[in-house]
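Chemist: Take a look at the letters that make up each chain.
There are 2 protein chains.
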Amino acid sequence: MTSTPRTAREVHIVRRPAGPLSAADFAVAETALPDLAPGEFLIANRLLSIDPVRRVFFANGTAPLNAGLHSFSIGEVVESRHPGYAPGELVGHYQGLRDFAVGRGDETRKITAGGDPLEWHMGPLGVGGFFAYVGLIEVARARPGESVLVSSAAGSVGSLAVQLARLIGCRTVATVGSADKQAWLTDVAGVETVIDYKQADWRERLAAALPDGLDVYFDNVGGAQLDAALSLINPQGRVAVCGMVSAYDSATPFSERAGAWTWRMMTSQVELKSYHVRDHQHLWPAFQRSVGDWLRNGAIQTETQVRDGLDAIPQAFVDLIAGRSLGKTVVRL
Amino acid sequence: MTSTPRTAREVHIVRRPAGPLSAADFAVAETALPDLAPGEFLIANRLLSIDPVRRVFFANGTAPLNAGLHSFSIGEVVESRHPGYAPGELVGHYQGLRDFAVGRGDETRKITAGGDPLEWHMGPLGVGGFFAYVGLIEVARARPGESVLVSSAAGSVGSLAVQLARLIGCRTVATVGSADKQAWLTDVAGVETVIDYKQADWRERLAAALPDGLDVYFDNVGGAQLDAALSLINPQGRVAVCGMVSAYDSATPFSERAGAWTWRMMTSQVELKSYHVRDHQHLWPAFQRSVGDWLRNGAIQTETQVRDGLDAIPQAFVDLIAGRSLGKTVVRL
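If you're matching them up, the sequences are chains C and R in order.
Residue numbers for the first sequence follow the working numbering, beginning at 220 and rising by one.
Residue numbers for the second sequence follow the working numbering, beginning at 220 and rising by one.
Looking at chain C on its own, in the form it has when it is part of the complex (with noise of 0.2 angstroms):
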């Protein structure tokens, strides 16, 4: 005999939201729980993630309307018709935002808390620590001695991201939106500097706080943070795109906005860089050896506008940037 419940309760999103997210868009729905096949195991959720990019399927149609939202959870199997899953353990999964949900093994993670706080396998454990994680140091590798500036700082992400960069031995600036976030990361989490950019002079008080700079920016928010960062940053800076929730919750689909690109970007790993070929000299032999050759067997075409003399200069430049010439301009003298 058990004592299997046979309904499970799922939260819903009813409309897709319009401006401001609502509670008015949620509903949590009852549905039937299936007895379990073999090879199955019933889990009672503990914890659900409650995730700001959310918002954004909410919106753009890959939420479903009135069906289970999907989220990570963590929750203990409270019986199993699976040998490898016992009642007691503790699983991570994405089934989401339900009170039970039955499991199959793929795509569920065991989690071992021993005497920790199971919270953390949420937040600073969990997936979100792990983008803070690879963010800052794989995507963006930061060093000791540089700057790093970490959006969104008090969020479960970024508040990870700021004391990663501490511990490296980054010299650390954060922004947030409130004073307590800004406090908790001054007293508690040891943040050199944290903005406030609700206050009106918050660029300038970055611009302050960054003095050499910014050699790494972990961006949780995208929007003006992102421009205000990009316009500090240094040579050879690197920036972590994580998230841009500054841009979630509006009516506005993200095509039709000024820096949609960024959307794109984010969810598509994208890697945009900028160069300069002084970085690159132990290329130039092999870019001799190969250019050359193909340009003496044809195989790679050269067109140059040749102009005469200086006189000719201040014309060939207008042309040029008019797009009139094709392939490189020079002047002979």
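Honestly, the hints are just simulated from the structure, not real lab data.
Even for Gly, the Cβ is constructed at its ideal location relative to N, Cα and C.
A couple of the hints might just be wrong.
Not everything, but these chain C residues come out facing chain R in the computed CB check (under 10 angstroms) [as the list claims (entries may be wrong)]:
#  : residue
1  : 223
2  : 226
3  : 228
4  : 244
5  : 271
6  : 336
7  : 350
8  : 396
9  : 456
10 : 499
11 : 505
12 : 525
13 : 526
14 : 533
Stretch-level coverage of chain C by chain R, calculated; a stretch enters the list once three of its residues show a Cβ under 8 angstroms from a Cβ in chain R [to be verified]:
#  : region
15 : 231-242
16 : 255-266
17 : 314-327
18 : 457-466
Please build the complex by placing chain R on the supplied structure of chain C, with the hints as guidance.
Modeler: For chain R alone, coordinates are given in the frame of chain C:
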């Protein structure tokens, strides 16, 4: 006895361009040439490089008024008091838009033209070609079978980049601004698809030319074409930012324009990269170990907002999006 000239003629800008560049912004001035000191040599320039990016320096003050303009130049040593440089040798240097220059060996590169046209060392075998080579191969890492888009593809840099892409085995798409450039790229350079961005439907043509999306964008123009490329880019796509000629010929300073950050980025060798943690799973064990230790010994502080029950979920989202929640938000069931 020598026939050493006593004066040189050099090109100046005499006023900052306002609106489209005008020939009246320039003047040619005569300057005295000093007698050669030991270690110096006299260069008679043969080719002067005309590059769109100079337009920016004319406007932003990097190029001083009423002074010799810097630019890459190739000349012949015609007199020498330097043991390493003999008359008749060819050298490249940055003294720029003048007929005669005094060389000192530093910042001067010897050029061996052999039987090749000297112009090649201004174009495909010169600095412009090297920008194309480094950007496509080292920065964007174009690989066989990938789709590569090159803008300003009939220009000095772009015309090499798009042909290098073809030789690597990429599917090549190019944009240009005139029918004759389009014809040259198609008929001479062998580019698969060439689109005239001045036609009204260029965005639709670009999308149609890239039915499987875009893997690499080699960007010479910025602006609307960068936007369009990013709207089509595939996961793991790369963008090499080489130039942004669309923005050069304007009276509005970069700092006052939308997208001003792209200029900062272009001149600072910045890397802007989005990421997903699923591509970095090999780091999970190190992450769990390091962050777990730091949490347990207090090196990292963390904060969790715990809410109870499925019914709390809607407001949890609302508060989180509104910036009212510090740290990780979870719902406890």
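Chemist: Which numbered hints are broken by the structure, listed smallest first?
Modeler: 1 and 2
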